[in-house]
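Chains as they are written, first to last, in this note's numbering: chain A, 9 to 347; chain B, 9 to 347; chain C, 9 to 347; chain D, 9 to 347; chain E, 9 to 347; chain F, 9 to 347.
Quick caveat, the hints were computed from the structure, so don't treat them as lab data. Some clues are possibly wrong.
The list treats identical chains as interchangeable, and a pair is accepted whether it falls inside one copy or across any two copies.
Claimed, not checked - Below 35 Å or equal to it, Euclidean Cα-Cα: the simulated DSBU-like pairs (lysine-lysine) are:
#  : residue 1 : residue 2
1  : Lys183    : Lys257
2  : Lys15     : Lys222
3  : Lys140    : Lys222
4  : Lys15     : Lys140
5  : Lys234    : Lys213
6  : Lys140    : Lys257
7  : Lys183    : Lys213
8  : Lys140    : Lys213
9  : Lys15     : Lys213
10 : Lys140    : Lys183
11 : Lys234    : Lys222
12 : Lys234    : Lys140
Number of protein chains: 6
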Amino acid sequence: MSMLPHKVVTFGELMLRLDPLGHDRFVQAETFEARYTGAEANVAVALSGWGVETFAVSKVPAHEIGQACVNYLRRYGVNTDYIVRGGDRLGILYVETGASQRPSNVIYDRNHSSIREIRSEELDWDRIFEGKHWFHVAGTAPALGANVRSVVEEALASARRLGLKTSFDCNYRSKLWGLEEARNVLTRLMEYVDVFIGGAEDAEKIFGIALHEKGDDRFRTEYAAKQLCARFGFEWVGMSLRGGDSASKNRYAAMVCYGDECFFSREYEIQIVDRVGSGDAFTAGLIHQILRGAGPAEAVEFAVAAGCLKHTIPGDFNLVSVEEVERVIGGEHSGRVQR
Amino acid sequence: MSMLPHKVVTFGELMLRLDPLGHDRFVQAETFEARYTGAEANVAVALSGWGVETFAVSKVPAHEIGQACVNYLRRYGVNTDYIVRGGDRLGILYVETGASQRPSNVIYDRNHSSIREIRSEELDWDRIFEGKHWFHVAGTAPALGANVRSVVEEALASARRLGLKTSFDCNYRSKLWGLEEARNVLTRLMEYVDVFIGGAEDAEKIFGIALHEKGDDRFRTEYAAKQLCARFGFEWVGMSLRGGDSASKNRYAAMVCYGDECFFSREYEIQIVDRVGSGDAFTAGLIHQILRGAGPAEAVEFAVAAGCLKHTIPGDFNLVSVEEVERVIGGEHSGRVQR
Amino acid sequence: MSMLPHKVVTFGELMLRLDPLGHDRFVQAETFEARYTGAEANVAVALSGWGVETFAVSKVPAHEIGQACVNYLRRYGVNTDYIVRGGDRLGILYVETGASQRPSNVIYDRNHSSIREIRSEELDWDRIFEGKHWFHVAGTAPALGANVRSVVEEALASARRLGLKTSFDCNYRSKLWGLEEARNVLTRLMEYVDVFIGGAEDAEKIFGIALHEKGDDRFRTEYAAKQLCARFGFEWVGMSLRGGDSASKNRYAAMVCYGDECFFSREYEIQIVDRVGSGDAFTAGLIHQILRGAGPAEAVEFAVAAGCLKHTIPGDFNLVSVEEVERVIGGEHSGRVQR
Amino acid sequence: MSMLPHKVVTFGELMLRLDPLGHDRFVQAETFEARYTGAEANVAVALSGWGVETFAVSKVPAHEIGQACVNYLRRYGVNTDYIVRGGDRLGILYVETGASQRPSNVIYDRNHSSIREIRSEELDWDRIFEGKHWFHVAGTAPALGANVRSVVEEALASARRLGLKTSFDCNYRSKLWGLEEARNVLTRLMEYVDVFIGGAEDAEKIFGIALHEKGDDRFRTEYAAKQLCARFGFEWVGMSLRGGDSASKNRYAAMVCYGDECFFSREYEIQIVDRVGSGDAFTAGLIHQILRGAGPAEAVEFAVAAGCLKHTIPGDFNLVSVEEVERVIGGEHSGRVQR
Amino acid sequence: MSMLPHKVVTFGELMLRLDPLGHDRFVQAETFEARYTGAEANVAVALSGWGVETFAVSKVPAHEIGQACVNYLRRYGVNTDYIVRGGDRLGILYVETGASQRPSNVIYDRNHSSIREIRSEELDWDRIFEGKHWFHVAGTAPALGANVRSVVEEALASARRLGLKTSFDCNYRSKLWGLEEARNVLTRLMEYVDVFIGGAEDAEKIFGIALHEKGDDRFRTEYAAKQLCARFGFEWVGMSLRGGDSASKNRYAAMVCYGDECFFSREYEIQIVDRVGSGDAFTAGLIHQILRGAGPAEAVEFAVAAGCLKHTIPGDFNLVSVEEVERVIGGEHSGRVQR
Amino acid sequence: MSMLPHKVVTFGELMLRLDPLGHDRFVQAETFEARYTGAEANVAVALSGWGVETFAVSKVPAHEIGQACVNYLRRYGVNTDYIVRGGDRLGILYVETGASQRPSNVIYDRNHSSIREIRSEELDWDRIFEGKHWFHVAGTAPALGANVRSVVEEALASARRLGLKTSFDCNYRSKLWGLEEARNVLTRLMEYVDVFIGGAEDAEKIFGIALHEKGDDRFRTEYAAKQLCARFGFEWVGMSLRGGDSASKNRYAAMVCYGDECFFSREYEIQIVDRVGSGDAFTAGLIHQILRGAGPAEAVEFAVAAGCLKHTIPGDFNLVSVEEVERVIGGEHSGRVQR
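Required output: the full structure, derived from the provided sequences and hints.
Pasting the structure below:
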């Protein structure tokens, strides 16, 4: 295992993900596969598998389903000591896996979850951040209402004050909040962010970044990233680019900018096993590369190869090794059996 | 199939029941068996299997998990035309199956469910009850808050006004509401009830019925039932009696009173497959017998044999035929293969 | 749900479909997935999901496997009140799912089934058709012997007499009957048919329609359809067009003619989950469009998009919503997760 | 493995057995466990596991389900070279596993099976029996119609003529044929039988053996056996005795007579996993003991211990070793883990 | 969770346990349930669930199966930082679950495992034991050959030197080593042991403790324990007592001595789900009680109730809470559903 | 079934193959699918399905897992009479199924297996080869150490002496032995080989065959084959050619030379279900064609179509019929359902 001497903290909601078996539709399901997930925890799990010490901060109910969620993170090496217990329920995500022309479908049952009732005094960020190097949170967290929002702001401000690097995955979800509210909240939060991950489309909708009218996708993506940097002073920006025509396969590439230097990765054609969590895998790949001091050209290839591999793994966690990511970068993806 | 020319309406919450496989504990579960349930709907399913036309009234979310719940009832012949769609979520019941000295364990995640937001104007009881003969509801319904409570009261009052017979399964659950509140609400509702199902213990706690200090269990049970009849004017009272020493096996019997006539059933020793829903199976058995004009002696044997068989079936539904119940009454429970 | 105020009746055999898990071959199977199916019932299920009231008419044995079959239809909203109980057995279809160069394989074990012994007096078509608008049957029904054949003829004649629109899916299966017999029977039945679904190849083999010697596939398909209309006076003809090179993916398109107007749909490239039932899904799509008053250009796109989606769903039932079909027509099949 | 230098031939129907999972009822099943079985083949499998060379004779369809059935026997060491291929279908046995007061339930779908169309010329008994020592058949075979009946008679007569020992398990099933027909056929066949297995009840119903009016079960069983010997000249008679009160547990014992010497085994109280096939396990145990020259006292203990162990194994096959049977006889059934 | 401020270290082999599903025999298995286990790790998992900080020390291969084993412990809260990676393989335990008269069966495939090649310099006991309070090891560890044996002796000696309390579960397995060798090795190790767990039978076979010729089981057990204390100076001795007649149910009790004070627990009749690991559950219960300062009377009831509950849980881990154990002690084992 | 009057013997290791479900990674697996396999036994199974009498020679442990392995071969018609019982363990192969850019991964746990301790006197090749026509072994066998190596040499020499045709699949695995050792051993063994299967790359690495520097893949493959023939006097050489870019799909073709005549097959694009065992399927196809007297042009098409079909079947066995292979050769691979 390639070890990095860094400690990364994440904050966000943890949920139970329930999937019908195989390609069954919800109305056919007599069984659900049960996995636990969370945008930020997914990042922690991937980093943990790469030798980074990670700490997931959240709030889950005190009952056994909450404990099962905690155990699920511990299993993959994430430290769960800062997870608060209490509140009413663990949010649920019903996920139906699509195929071909039928997209995957997600039903949210995550209102009234424990984390939404979190109170500032339940988390002592000074203690949590002591000796840590990085803090990561996604845009789905401040979307969870006033309580979570103020915890996120407090966490980001503390991280900045205590010298941790911060990353933010924009991840706008219209089912969680409106554009107006998102714009107000996120614009304020961006001042604490060093590394921004998000799409050009979100940049336009939320931050009012004007998309360039001409040029191809790559040109417009780069243009948007540079405007974001200019406006918010981001050190790094990562954007993934997805194309394709079905729920079974996709084209997948990305761009990473470090200041003014923007690099595009190679593009992969992917046969999809489970697409959910690939954005978090990309984010983890980018964080890993920045931690180990890579430049943007190297970082974008690692992050996109990590995201690419995630598509082949059931569930939200990117359970791959650094060596596996590097083999993909090195061009070994011929499918030859490893024996 | 033995057909009865009656139409029975039930009202109550519908929920998703999630079980780990076999005897796995919650923290071991990577898969949940998914079934839909509800105290009153369980009664409807059993009656439907016995040739009674049944109508389940409830409210479920408009999404596919709500639809799957509706489908689950339709599959077993229950009419779902009066189920209202809307609201936020379907309540969830996590059920872990115990064994021997380890009891089965239930985690409720049923707050904020669609039915709790039901509004009186969403149900037109005059139309629903038109041409129907019986209305059944359980004590878990009025425990779901003011909205459901007023719908229950309206339903019971309408049923009484329109000449339907009414049954009520007391089913006090301390996790849902306090004794004080239950006492106030239930006492008021009892005036509309013809057939009461519940335990002597509940009678004491909720209605302040004094348990007789002397005598064996049977005597005290009968004494409590007679007081209930005297106080609330119930036509019928059914009470099941359970003894035993493990989650794997139980002794099971019951008493049914019709006015002053009280009869006790034979007692069964049961090897338990799934105990959940056995109370609803007993209730369905009692309703079935009253519908077909049986006396209390006959009714109690049918109801308890129905409840007994439920213990052998996974899930909450009592999927047995009248003939199977009658074979048990007739003493054919030697385990000889039916071929 | 988009509701249509129509009532559709189908008649045909119901069977138990047994599949080895995943891509296992029959000789590897230690477990079978059990689903119930029938060409015409598949159409009813799809229509029922689109808000059409449907009634499946058939005959199944009086035992629990017959009941499980009935329940399977009820679950998806099909009215089963007219299903006759009796006879010896439910036919079985063993289905092995192929991949790549290995085609899916079907073993029929459907001789001596209950429906083959159906007697005319068991079905009162005047009563069944009362208040209904459409009758659908497939060519596999009259192939089941003299009893079923005369019921089909009686049903079609009654439908015509009572003013129902009729549809017929040709579906010639050489394992069920010879060409000669099929020609005699089907030619006679065609006089009652308003909407015909079938391939150009069947048209040639069974009805002796001369295929045009020149032109591409599209031209020849249109030429065959027009001859069929001319000869039998069909109001509508639907024909699907399939190309491709493996059991894992296919090209799929269709043509619909309304009188002289013939329209071809767009062509889809499909990653196949389960191809069985896609013809029935297409038929249901066409019926749905005619019921709602669409023209052939609109109808063919809906029907082929419905058929396309069926390929992504395990089992024979096309469990998709009108909205999902319309999203595919609208070009939303990028595989983007719905959340 | 304890080897015996004997070769045993069996003849009878082979079927597909389909079970819902666990204790699910038929109407709940979405999956069936698939196993292949046959009263006589079950005997062959048990003997094969005890080092006896066995040959199952039957007829199965030429398709892959027929082949899967053949493979299932080969897997457990039974020679299948004499199994004829052809005919329409493999019979099916749906088996629902009961519990407590709910008995296991079997639905037969075995009409029109391949073996029912067997023709005498398809089997050359002189060649089959060459070098063999024993022939076994059960009463379910002659119940399958005239074709099978005449093959059975020819086989028994050939076996007698060629010096093989013959055994017959009476096994009357009212679902297969009437008492009158059974009496006529079986009485004629008994003249070729050396070893008879069956219950006192069958002896009375079929052969008109008068049951003794007095005495306990044991006395009456012995009395019946002795009359059978007297009438038909059986060398050995084996009868199992079952008592108990539920589908989950049973008392189980047996009697074996060799001429006038009758011995009763110890009685076991059994927690039942799968009761089907326990009679065949008993028969195999008895044959094994006679082959190795045991006396009736020894034989009855082995046969009943073998039958006892079968109750603990899913499916119809008694997959236990001679050593395991002997450990039970030796009193080692304390449940201590073997490690 | 009841927390204890203690830190417990265990050392021993970790293995992969492979079980056929349900009651299937090995020769029927097409699927194995995969769990990771180890006598001492099982103790750590139970203690971890009761709020004790635990550290499992072992050696596993560097590949993914080794990692999966580590993850399995982390999931249940055990610290795995001291587990050494390397060597050839993870030992395997095939476990077949018996029923009734058929005992469970274990096949060892644990030779040549990574831990057998462990070298003293791979573990720094001074560092490992720093700040810890207890060290536990079982007799299966020194049975693994010279390397493991010298590591065990070094660990016990270091523990004694550094002031940790030590416990030793005798657990003689004849498949691993002979009595002579066990006697020599264990006698030497006993000098470092404070708390001894083992049976009277082992005491006799290994240490030559003379069993009292008279008296009942209880008397003889107490007599053996007292001799062990006298000879080796044990502070505590725990012995479980098992009776019963089947793999499906057992009687279970225990005795704990603190110096001269010996107390017997109540006896439980247990319906068995999975008996493997119940000894480790008892040991964990005893350690927990000693840590929290309980006396022997209290300790024995807790330890035996913990062992009792283990029988109801699939796998080797005793995933129960202190509250659940205390409810059993308090007599709440009526099987009443917890809701 | 197309029958061939030949008898084929294979020798090599048999192993247990354990796969996580679906595309799960090793660290996610809670269940393993269990299958038994071996390079040479895979060839025997394929040939057995094509009507060739086959005999697998190997050594497995005497316990039930060894027996389950034997049963697995018997099930598919392979004679197992010459399999020796004894030794310590059955080797294990953990196989994780890749997808897209993630290759399948194999972990070997096959050291210390029973076959590695085989002794010459345990196999009497004169008796085994009596009446047989062909002997097949793969390069993985002599890689298993001195014991197996000398058995392989003895077997090949005996086969040559007794007039059996011999085939050898080169199959170099660097995890099993070094190039130097392989070169020494294999060079010596090649003198007994008539039919060689292997890649041009292996030919270069092991036998020092100079690859032609120019020309395309086909030219270089043919050039290598001809040199091998010239050097070792092989009668036949078969080489498969694989291209492609993912674990989900591949291009697949082959070349077969008979003396100087080299023929290339058509190329298939394959959607992969399970790639493991496709080399053995190719080898079996080639042997089958040589046995039935086909020329190289015909042989290469059959062998590559057989290998192509193997990719669609879970597990290592190529369970396809001659007719299915021929349908692929005939161009019927459109995925049209066989019904």
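- Is it within, between, both or neither when you check Lys140 against Lys183 at 35 Å Cα-Cα? within (33 Å within a copy, 41 Å between copies)
- Message: My question is about Lys140 and Lys213: at a cut-off of 35 Å on alpha-carbon distance, are they close within one copy, between copies, both, or neither?
- Response: within (33 Å within a copy, 50 Å between copies)
- Query: Is it within a copy, between copies, both, or neither that the alpha carbon of Lys234 lies no farther than 35 Å from that of Lys222?
  - Reply: within (16 Å within a copy, 49 Å between copies)
- Query: For the identical chains here, do Lys183 and Lys257 meet the 35 Å Cα criterion within one copy, between copies, both, or neither?
  - Reply: Answer is both: 26 Å inside a copy and 34 Å across each meet the 35 Å cutoff.
- Evaluate Lys234 and Lys213 at a C-alpha cut-off of 35 Å and name the case that applies: within, between, both or neither. within (16 Å within a copy, 52 Å between copies)
- Task: Can you give me the call for Lys15 and Lys140, within, between, both or neither, at a CA distance of at most 35 Å?
- Result: both (5 Å within a copy, 25 Å between copies)
- Message: With identical chains, the pair Lys234 and Lys140 could be close in the same copy or across copies; at 35 Å between alpha carbons, which is it: within, between, both, or neither?
- Response: within (29 Å within a copy, 54 Å between copies)
- Is it within a copy, between copies, both, or neither that the alpha carbon of Lys183 lies no farther than 35 Å from that of Lys213? This pair counts as within: shortest intra-copy Cα distance 15 Å, inter-copy 45 Å.
- Query: Which holds for Lys15 with Lys213 at a C-alpha limit of 35 Å: within a copy, between copies, both or neither?
  - Reply: within (33 Å within a copy, 46 Å between copies)
- Item | Intra- versus inter-copy proximity for Lys257 and Lys140 (alpha-carbon distance at most 35 Å) | neither (39 Å within a copy, 44 Å between copies)
- Message: Treating 35 Å as the Cα threshold, decide for Lys140 and Lys222: within, between, both or neither.
- Response: neither (43 Å within a copy, 57 Å between copies)
- Message: If the cut is 35 Å between Cα atoms, do Lys15 and Lys222 qualify within a copy, between copies, both or neither?
- Response: Answer is neither; intra-copy 42 Å and inter-copy 53 Å both fail.
Violated hints, in rising order: 2, 3 and 6; the structure is consistent with all others.
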